[in-house]
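For the protein sequence lines, the chains are F and G, in the order given.
The numbering of the first sequence is the working numbering, which starts it at 1 and goes up by one.
The numbering of the second sequence is the working numbering, which starts it at 1001 and goes up by one.
Just so you know, these hints were derived from the structure itself, not from any lab.
Ideal placement from N, C-alpha and C gives every residue a C-beta, glycine not left out.
Careful, some of the hints might be misleading.
Calculated cross-link-like contacts (lysine to aspartate or glutamate; reagent style EDC-like; alpha-carbon spacing at most 16 Å) [what the hints assert, rightly or not]:
1. Lys1289(G) with Asp1359(G)
2. Lys217(F) with Glu1350(G)
3. Lys213(F) with Glu1082(G)
4. Lys1271(G) with Asp1229(G)
5. Lys1112(G) with Glu1102(G)
6. Lys141(F) with Glu248(F)
7. Lys1121(G) with Glu1134(G)
8. Lys1183(G) with Glu1038(G)
9. Lys213(F) with Glu1134(G)
The calculated label-pair distances, taken between Cβ atoms and stated as ranges, are [as the list claims (entries may be wrong)]:
10. Glu147(F) with Thr1064(G): 55 to 65 Å
11. Pro113(F) with Asp1249(G): 48 to 58 Å
12. Phe1021(G) with Pro29(F): 40 to 50 Å
13. Gln1128(G) with Tyr293(F): 35 to 45 Å
14. Gln1322(G) with Gly20(F): 37 to 47 Å
15. Lys1112(G) with Leu292(F): 32 to 42 Å
16. Lys1079(G) with Phe220(F): 43 to 53 Å
17. Glu1134(G) with Phe220(F): 19 to 29 Å
18. Phe1021(G) with Leu31(F): 49 to 59 Å
19. Leu134(F) with Phe1021(G): 47 to 57 Å
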Amino acid sequence: MAFAAFSSNVKVDAKPTKTGKVVIALLAPGLAYLGVFFLTPLIALIMVSLQVPDPTGVYGKYVPAFEIGNYAYVISEYFPHIIRSFSYALIATLLALIISYPLAYFIGVKARPWPLLQKLMLTLVIAPFFISFLLRTLAWKQIFSNESWIVTTLQQIGFLGPDQYVVGTPFMVIFGLTYNFIPFMTLPLYTSLERLDIRYLEAGADLYASPAKVFRKITFPLSLPGVISGTLLTFIPIAGDYINASGEFLGSPETAMLGNTIEANFLSINDYPSASALSVLLMGAILILVTLYVKRSGTEDLL
Amino acid sequence: MAKEFVARGADLELKGIRKEFPGFTAIENLDLKVPAGEFFALLGPSGCGKTTTLRLVAGLESPTKGKIFIGKTDVTETKPHERPVNTVFQSYALFPHMTILENVAFGLRQRKIEDPIGKAKEALNLVQLGHLAERKPQQLSGGQQQRVALARALVNRPSLLLLDEPLGALDLKLRREMQIELKAIQMEVGLTFLHVTHDQEEAMDMADTVAVMNLGRIEQMGAPEALYDRPKTVFVAKFLGQSNLLVGDVGSTSANSLSIEVAGNKISVPKDRAEKHTGKIAIGFRPEKATFHTKKPSASSNLNIIGPGEIVDIRFTGVSNQYLIEVPNLGDITVFAQNMGQSPVIELGEKVWISWSVDHSFGLSDLPTGSETD
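One chain only, chain F, in its complex shape:
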């Protein structure tokens, strides 16, 4: 299962020998919570996604049905948004990985002789969380606003045309997504690299592998659990994100992602079945992609 990638890579073979009443009693609150707040809404969502408009024609009123066609409709109607969501998520995840890996490697491996520096750098990675995600995103909008010196300078040196701006472009949205999710990539990478046994790297060098080869053949494969949890922790929320791409923040209608269309259908157009169908589609697509990804990368082989 996909969630195995988040857990530690220690395989527990022992099975509980007794499932007594105490176990059931301890599990009950959690199960009840999941039942009420996860399973019920999920079923409700799927049911709504199959509803049809009220035959009497009341705006925003839908009746229970089994209209699979809703899915075909949203796929054809919002196909560009679906592609855009997953492309943005893929690009932002890769960028976050490329930026985070050297950072995590430095903190987790190179800075080992200086624990104080390690702690300081980790704190700096987490520090942005002390300020609201929305505020930080708005701050970036301010920095790249049309009148900002960055944009005017870029226009003056001819990098941007006189009518071209940064806010509202795919670049700005991907930039925002990458920025906001970097800590979710860095922390799992750090956790995995921090435990990396340097002796394997020495053994690699001893066996004629150049530093680049040692990285490719030993360091990276051994940090794969961290890479997988990091990419999942960024890819999944980015695919469903609607803050960065929304027109009120860094995006524009041209950059709308699935999250924005779901929001619009639910709150503006009042097309609940379409919104629900999109939500179910997003969930299903992520589930399939993540399962394939985890299976492909073969994390179960790692220790």
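Please arrange chain G on chain F, whose structure you already have, making use of the hints.
Structure of chain G alone, referenced to chain F:
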């Protein structure tokens, strides 16, 4: 250099090596020459600098001062992956994400040697693990992992094979088996082996030459028999086997021997077996070279006699008994007696004299701690 598929060993030479770490000096000033094809052991207690020496040769550390030569080439500045050297690490360091076969083929693949898988299989058969090729390292026992680590290093036919206490984690029986196997492999492939260990028995059993290291220096170097027969310092006498040491001022001197007086006993050592011929010296002898007598043996010019003393402890070790004899004003003397028939030969509390041949005495260059001044 590393590109070449070498099949024979090369000389190793360390010249004036010094290695400092922040806060301490691991190696003071080390000169060492290991001839090609030899099994060379660096023996010493933990923290004596032997593992650091090995890491310097492998290129995993660089010396503060000095030069390292492999063959005739200066490799002091060469990166580890460019040195014709392979290491069997103390922790084995088998890559956990690769199969045993891929582990062994790793070095061959890096050097683009033809048919890495075939050669790796051959190497695994050499250590009798061919049937485990597809397993992962963590599915193997300690002894099996050790043999994989050996195969992974040997398969590259390095000029020089470094062994960093590779048998340390094994139990006694397995260790003995591996020692025999390792020696046989070394004879067969004819590579130069540099073996680091703190186990004196292992070093003496396997090596052609043993260098005893202490506090970042080599105390003494030579064939195991020579080192055991004639240790030159207190450290070597105590670290390599057991020794009884007696300290006194040199008194009478004859043409080829000198003597000291200890608690009324005259102890002699041949001049050519003594490091120091004047002043206060320490004379030692091995416990198994001595015998004890219930009556005072008649004095002879080639026999050292001390006693009488009292037997205070008898230890049964199987092949021999170890007797601890307390001699007044002289201290405790250990004597080993083989168990050949009547055992024990003597009871606790009995009065005995101890004798050994003058030719089995050895005179040391330094004094045991605590006896320098009195």
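For a quick check of understanding: which of the numbered hints are violated here, in increasing order?
Of the numbered hints, 2, 9, 12, 14 and 16 do not hold.
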